[in-house]
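A.B. asks: The residues making up each chain are set out below.
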Amino acid sequence: MSGFFQATIYGLLQGGLLALVAVGFSLVWGVMNVVNLSHGAFVVLGAYLGWQLHSSLGLDPFLGMILVAAVLFCLGYAVQRLLINLVVNGPIFITLLLTFGLELLLVQGMNIVFTANYQSITTSYAGNAVIVGDIQLPLGRLLAFALAVVITVALVRVMSRTRVGMSIMATGMDRGAARLMGIRARHVYAVTFGLATALAGMAGTMVGVVDTFNPAAAGRFTLLSFVIAVLGGLGNMYGALVGGMLMGLVQAWGGYFLPGTWVNALAFLLLVVVLIFRPSGLVGKAFYSARLEV
Amino acid sequence: MKTPRYLATASVVTLALSLSACGSKGDAGGDAGAAAGVLNLGASVSLTGKLAREGTLTQEGYQLCQDKVNAKGGVKVGDKTLKLDIKYQDDTSKPDTAAQLVDQFNDQGIKLILGSYGSANTEAQAAVIERNNQVMVDSSGADNNIFAKGYKRTFGVLSPATEYAASIVKAIAELATPKPTSVVVLSADDGFSKRAADGAVKAAKDLGFTVLETQYFPNGATDVSSALNKIKGSNPQVIIGSVHLAEGVAIVKQSKELGIKPQGFGETVAPPTPDFVTTLGADANGVLGSSQWTKSASGKDDYFGTAMQYEADIQAKFKHEAGYHNAEASAACLAFVLAIQKAGSTEADKVRDALAALDAPSFFAQLKFDATGQNSTKPMSVIQIQNGKMVTVWPKDSAEGKLIWPGLAS
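Protein sequence lines, in the order shown, are assigned to chains A and B.
The numbers in the first sequence follow the numbering used here, run straight up by one, and end at 283.
The numbers in the second sequence follow the numbering used here, run straight up by one, and end at 420.
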C-alpha cells in the first residue's frame, strides 16, 4: 500500500511542476486567444538561463529564477509588441504559423548557442528527500510544487486586485469593450505575454533542477502545456494547477497499475473524457471558447 | 474579419526563415565528384531533434576519419587517389527523414552511405538502401532486427543490441563481491532497448540471478518514477537500465529521490556519454555502463593507430574525451575506405562484395561481418564511472581499473 501512496504523492508533486510549466500558456490562450506554440521553447530558454547563472555565477536556482523571470518578461514583452501583435487580430491559423516559426527559431538558436548537450542544474539539496513514515518527499519537486501553488495564488490576486490584472481580465473577456473603457489593449497583451514567458522561465529553471533538458525538449513542454490548459479550462487562473495535478496523478496511477508504456495514451484518454463531459475544461468558463473578437 | 495580406506574409516569412534554419540541403557531387578526384560518401546525421547530442558525436567521428584519410593522401582506387569528401544532411532525428535523405543521395548519384545515429533511423535507411542498390555501413544501429530481414547491403561495425546489457550482467557476475542475487531490468520501449533488455534477462537467468519482471516506460521519458515505484518493494540488488541518456539519468536521479538503494546500477547507452557525468555530478559515480569501445581497446590500423592515439586525436580536435559514439562512426568510415581500396572501385556492387569479405584490424575492433552483415564477433566493454571518469573494468584483459562494489554512490 505504501507503494501506492508513494506513487500518489510523487504524481501530485510532478503535477505541480507540470502546472508551473503550463500556467503561462493557459494565460496567453485565455486572454489573447493565441495558442502559443513557442511556449515550450521559452521554458527551455529559462532552464538554460538558470543553468548559466548557476554554473557561471554560482547563483542558487531559486534566486536565479527571479533574474530569469525578469529577462524573459522583457523578451516576451518585446516579442509580443514587435511580432505577435502583427497577427493577433488574424485567424488562429496565422498565429499558429507565427508561433510555430518562432519556436523553430528559438530552438535552433539554442542549439547553436548552447549545443544539443543535455544539461541539468545540479544542486546539493534537490535530490534529497524529506521522509514522512514510508513516504519520500523529494525536496526539489516539493519546492517546485510549492512554487506552483504560490504563483497560482499570486496570479489570482494580481488578476482580481490590481489595475493591471483587471485590465488583463477585461481585455480577455471583451477586447472591444475594454478599449472603449480606455484600456490600451496592445500594452495589456504585451504585459500578458511577458508574464507568461516570465512564468515559463521560472518553470524552466525548476525543470533544470529536477530533470535534464536540451533544446529538443521544447516540443514536449508545449504539448504538455496544451493538454493541461485544455484539461483545466480557460478563464480561470486555477485551471492550469488543477489540470497539471490531474495529469500528474493519472500518469502516476496509470504507471503504477498498468504497463508503464500506457501513460501517454492514458493522458490523452483523460483529455478526451473530460472534453466529452466538460467541453470548457474542469474549471474553465464556457464563454471563453465562444467569445467573439472585435 | 479579413486578414491584411501583410500579416499572412509576415507569418509565412518567419516560418520560412525558421525552416531554412533547420537544416541545410546542400548538393553533393556523386559521380561528378569521382571524376574530379573526390570520393563522396553520403551521411545523414541527427544534428537537431532528440538525438542531436549523439548525432553530433557521430558526425565528429566521420569528420575525423575524413581528416585522417586525406592526411594520408586519400583513398587509393585502382591507379587513382581520391580525396574523401563526406556530404552531410540533417535528418532531424526522424527515421522517415533519414530514409528520404538516402533517396536524395541516390538521386545525386551517391551510392555509398554512412549510417545515421540509432537503430530506428538505421532500420528505416536499410530498407531504402536495399531498394536503391546502394551500400551502407552502419555505425550505431545495433538492433538485431535490422540484420534479421535478409538485407545484403547493410553492414554494422558494432556489437548487436542483445550484448549491451548482457555484458553488464556478465561483468557483475564475474567481478562483484559480494555477488548480488537479484536483478531487475528497466527498459525504454523502443526496439533497440527492448532487444537489449531481453539479452540482459537471458544472461541473468543463465547466470543464476533471481530476475524480477521487466518494467517498460516510453522512449525518451524523463519521468520513470512509475517503474521505480513498482520495484521499490522488491528491493532488487541490481538495477539494469536498457535506456538512452535521458531515461538513464532519470533512473539514477529518481531512485535517489524515492529512496531506492540497490548495490549498483548498470545502464546501456547512457554512462559512456559525456553528458551523463555532467548532468548527474557525484551521483554518476559507481554506475556501470556498456560501451562499444574504450580507449583501452586492443588493435590498430594505418589511419587511426591505436585506441589511445584515437583518444588523443579526438581530444585535440574536439576538446573532449573520445566516446564510443565517435569511435564507431570513425570505424564505419574506415570500413568503407578499406573496402573501396580492396575493391579497387567505387562501384556499389564491388564495394559491397569487398565489405562482405573484409577482415581487417582497427583501433575499434576487428572489422569483419557475418552473413547477416553484423560484426558479431566483436566484444563489448563494461565501464564504471569512478570519480567522474570512465574506467574500463571488463573484460579483465583490457581493464583499466577494478570494479568498485557496491557501486552506489553514497
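Think of the hints as simulated: they come from the structure by calculation, not from any bench.
For every residue, glycine included, the Cβ atom is placed at its ideal position computed from N, Cα and C.
The reader is advised that the hints may include incorrect statements.
To be verified - Covered stretches of chain B (in silico footprint by chain A; criterion: 3 or more residues with CB under 8 Å from a CB of chain A, positions within the stretch not fixed):
#1 73 to 81
#2 251 to 260
#3 314 to 323
Stated by the list, open to error - Chain B is faced by these chain A residues, among others (derived, beta-carbon under 10 Å):
#4 Q97
#5 N106
#6 G171
#7 A174
#8 V196
#9 D200
Stated by the list, open to error - Calculated cross-link-like contacts (lysine to aspartate or glutamate; reagent style EDC-like; alpha-carbon spacing at most 16 Å):
#10 K86(B) / E357(B)
#11 K82(B) / D311(B)
#12 K271(B) / D163(A)
#13 K159(B) / D380(B)
#14 K274(A) / D163(A)
#15 K266(B) / D123(A)
#16 K242(B) / D123(A)
#17 K162(B) / E140(B)
#18 K399(B) / D293(B)
#19 K240(B) / D123(A)
#20 K352(B) / D407(B)
#21 K162(B) / D293(B)
A.B. asks: Run every hint past the structure and note whether it holds.
C.D. replies: Status of each hint after checking the structure:
1. 73 to 81: Per the Cβ count (0), the hint is violated.
2. 251 to 260: With 4 residues in contact (Cβ-Cβ under 8 Å with chain A), the coverage given for the region 251 to 260 of chain B holds.
3. 314 to 323: violated (count 0)
4. Q97: holds (4 Å)
5. N106: Check passed: Cβ of N106(A) comes within 5 Å of chain B, closer than 10 Å.
6. G171: violated (23 Å)
7. A174: Hint on A174(A): violated, closest Cβ of chain B at ~15 Å, above 10 Å.
8. V196: holds (9 Å)
9. D200: holds (5 Å)
10. K86(B) / E357(B): holds (14 Å)
11. K82(B) / D311(B): holds (13 Å)
12. K271(B) / D163(A): With a Cα-Cα distance of about 56 Å, the restraint between K271(B) and D163(A) is violated, given a limit of 16 Å.
13. K159(B) / D380(B): Judged against 16 Å, a Cα distance of about 14 Å means the pair holds.
14. K274(A) / D163(A): Status holds; Cα separation ~14 Å.
15. K266(B) / D123(A): holds (14 Å)
16. K242(B) / D123(A): holds (11 Å)
17. K162(B) / E140(B): holds (7 Å)
18. K399(B) / D293(B): holds (12 Å)
19. K240(B) / D123(A): Roughly 15 Å separates the two Cα atoms, so the pair holds.
20. K352(B) / D407(B): Violated - the C-alpha atoms of D407(B) and K352(B) are around 32 Å apart, more than 16 Å.
21. K162(B) / D293(B): The given pair, whose Cα atoms are some 44 Å apart, is violated under the 16 Å limit.
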